[in-house]
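K.L.:
Take the given structure of chain R and dock chain B to it, following the hints.
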Amino acid sequence: MSRLRALFLLPAWAFTLLLFLGPLLIIVVYSLETKGVYGGVVPPWTLENYARLLDPLYGVILLRSFLMAAVSTLGCIVLAFPLAYYIARSGRRKTLLLNLVMLPFWTSFLVRTYAWMFLLRDTGLINSALLAAGLITEPLPLLYNDGAVIVGLIYGYLPFAVLPLYSNLERLDKSLLEAAADLGARPWQTLLHIVLPLTAPGLRAAGVLVFIPCLGAYLTPDLLGGGKSMMIGNLVQNQFTSARDWPFGSALSLALMAIVMLLLWALLRRDGGEML
Amino acid sequence: MGDLSLDAIYKDFPSHRVVDGISLTIPQGCFYSLLGPSGCGKTTTLRMIGGFDEPDRGTIQLGGRTLNGLRPYQRPVTTVFQNYALFPHLTAAENIAFGLERKRDPDAASKVKAALDLVQLTAKADRLPAQMSGGERQRTALARALVVEPELLLLDEPLSALDPKLRKQMRLELKELQARIGITFLFITHDQEEALSLSDQIAVMHKGRLEQIGTPQQIYLQPATRFVAGFLGPVNWVGDVGVRPEATRISREAPGPGARALEATVNSSIFLGDCLQVETRTPAGDHIIAQIAHGLGEFRRGDHVHVWWRTDDEMALPQ
Numbered sequence: 001m002s003r004l005r006a007l008f009l010l011p012a013w014a015f016t017l018l019l020f021l022g023p024l025l026i027i028v029v030y031s032l033e034t035k036g037v038y039g040g041v042v043p044p045w046t047l048e049n050y051a052r053l054l055d056p057l058y059g060v061i062l063l064r065s066f067l068m069a070a071v072s073t074l075g076c077i078v079l080a081f082p083l084a085y086y087i088a089r090s091g092r093r094k095t096l097l098l099n100l101v102m103l104p105f106w107t108s109f110l111v112r113t114y115a116w117m118f119l120l121r122d123t124g125l126i127n128s129a130l131l132a133a134g135l136i137t138e139p140l141p142l143l144y145n146d147g148a149v150i151v152g153l154i155y156g157y158l159p160f161a162v163l164p165l166y167s168n169l170e171r172l173d174k175s176l177l178e179a180a181a182d183l184g185a186r187p188w189q190t191l192l193h194i195v196l197p198l199t200a201p202g203l204r205a206a207g208v209l210v211f212i213p214c215l216g217a218y219l220t221p222d223l224l225g226g227g228k229s230m231m232i233g234n235l236v237q238n239q240f241t242s243a244r245d246w247p248f249g250s251a252l253s254l255a256l257m258a259i260v261m262l263l264l265w266a267l268l269r270r271d272g273g274e275m276l
Numbered sequence: 001m002g003d004l005s006l007d008a009i010y011k012d013f014p015s016h017r018v019v020d021g022i023s024l025t026i027p028q029g030c031f032y033s034l035l036g037p038s039g040c041g042k043t044t045t046l047r048m049i050g051g052f053d054e055p056d057r058g059t060i061q062l063g064g065r066t067l068n069g070l071r072p073y074q075r076p077v078t079t080v081f082q083n084y085a086l087f088p089h090l091t092a093a094e095n096i097a098f099g100l101e102r103k104r105d106p107d108a109a110s111k112v113k114a115a116l117d118l119v120q121l122t123a124k125a126d127r128l129p130a131q132m133s134g135g136e137r138q139r140t141a142l143a144r145a146l147v148v149e150p151e152l153l154l155l156d157e158p159l160s161a162l163d164p165k166l167r168k169q170m171r172l173e174l175k176e177l178q179a180r181i182g183i184t185f186l187f188i189t190h191d192q193e194e195a196l197s198l199s200d201q202i203a204v205m206h207k208g209r210l211e212q213i214g215t216p217q218q219i220y221l222q223p224a225t226r227f228v229a230g231f232l233g234p235v236n237w238v239g240d241v242g243v244r245p246e247a248t249r250i251s252r253e254a255p256g257p258g259a260r261a262l263e264a265t266v267n268s269s270i271f272l273g274d275c276l277q278v279e280t281r282t283p284a285g286d287h288i289i290a291q292i293a294h295g296l297g298e299f300r301r302g303d304h305v306h307v308w309w310r311t312d313d314e315m316a317l318p319q
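Chains R and B, in that order, are what the protein sequence lines are.
The end of the first sequence is residue 276 by the numbering used here, with every number in the run present.
The end of the second sequence is residue 319 by the numbering used here, with every number in the run present.
Pulled out of the complex, with its shape left as it was, chain R reads as follows:
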């Protein structure tokens, strides 16, 4: 029996070890070497890549990334909560509405981000419409700034917030809301004292599922921020492309990973491992 189980688990283990731990190990090795002239890594071994992380310049970018990811996560949750609540309460149309939330996943993220560029640029749909309506005389600077990046991140990761919140709200016993109203709670008091505490696991899951990919995002800031709005993902990407500094890029991505894991660990410790 246990031998059979081992046999069936073998592909998963092999996949994880080879394709997940393998690349990670390579990155660890890269981060400890010296950069080659045309990219790649060469000896000798060094810790200098890690020392460079302490440069305040990179600290600023890291802080910016945290801020952008935090604002986007907050935006996602604020938008997703009422949407998830509405879907959870809409009876037979639930499945249809959930599928609509998932619909964007049917096309590539890259294409969808380009679509946002067509919407936001100076000659884009929004500015053309506003100009044509005579509401503005000059195009609004909608693209290539932090705002555009945050809008793009919220758009991209909204479904990741909707789904865990939906599954939590769907299980919420409706009679609890009636009981709260019965005891004199106005709707906002019921939301504050009953609904939010009981959906805390969903809120945490949504927060983690949105925050982590937002923190490491590079496509959205690259396209919608136009290089002016650099996040840590772009910094890592630059090291592997234009800067040809693979060791430093590796050290950066490992540092990012360490920070995320530290955050998750702290969150899990506080909740007694309840979330996962």
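Since the hints were made in silico from the structure, they are not lab data.
Glycine included, every Cβ here is placed at the ideal spot set by N, Cα and C.
Each hint can be trusted.
Pairs of lysine to aspartate or glutamate residues, derived as DMTMM-like cross-links and limited to a Cα-Cα distance of at most 25 Å, are as follows:
1. R:Lys174 <-> B:Asp56
2. R:Lys174 <-> B:Asp53
3. B:Lys111 <-> B:Glu173
4. B:Lys165 <-> B:Asp191
5. R:Lys174 <-> B:Asp12
6. B:Lys207 <-> B:Asp56
7. R:Lys174 <-> B:Glu136
8. B:Lys124 <-> R:Asp173
9. B:Lys124 <-> B:Asp105
10. B:Lys124 <-> B:Glu173
11. R:Lys94 <-> B:Asp53
Just so you have them, the derived chain B footprint on chain R, three or more residues with Cβ under 8 Å:
12. 167 to 176
13. 179 to 189
14. 193 to 201
P.N.:
Same frame as chain R, now just chain B:
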């Protein structure tokens, strides 16, 4: 404070009419039961009084004040829900304090203490609902609804989730509690024994309509319809006349005058502990069941007997 009155209440669901012209008055301080089978509209009636559903037509008044259109949190009415609906993230004491905190009651702490004491839960004040027994949950729900001092307490089959032994005990506690605090209780149940033993007044509902309103004695002994007679307990029907098995006698000799008697043959005789249940069949084909005390004779299958009852015990209810 005052009487609750429903005047010609109607409520339609997409598929059918659930409440079909209910009018009744519940005197202040009364223990009043709405009794009926599931689907008779009693829960919908309760929900309309609580403010969770609105009637399509008709008015609901409490002490002369119209409740129609008021939200649940605006009504001086609270509910003990069928599943109790305790807030799972709050302790017994926090659940009980919930309503007082919404009203920013300055005496919340002492009122919660008194409420815990009233339902004998002081020792369990810091337990979460998941850590409580069924009876403790029921008492918490009761205390939570009573502590805000409603003018009317609605109870939606509050005993149905308890095991039978506990149910009988809680029934006594409930009756005693209502007598002590004196507020109006509107009790919803499908259990006729519960309704009979607890209520000052009973309204029997069937298919969205009221069949009869009366005291437990009136409802049981003088049912207004065949449905009421049958719902409150078994009935032997002979033509247009019904009689309860416990009012039916059985003997080998014909009874004296003043009784209605039929000849019959014994089908079976079952020992029920507190009585003997003898099932007989008349030549006309009517089944007559008699519940008699022990020691009134032994009856075996095939015995020829007389079944009889006092005409005072008859319920004349044409089909």
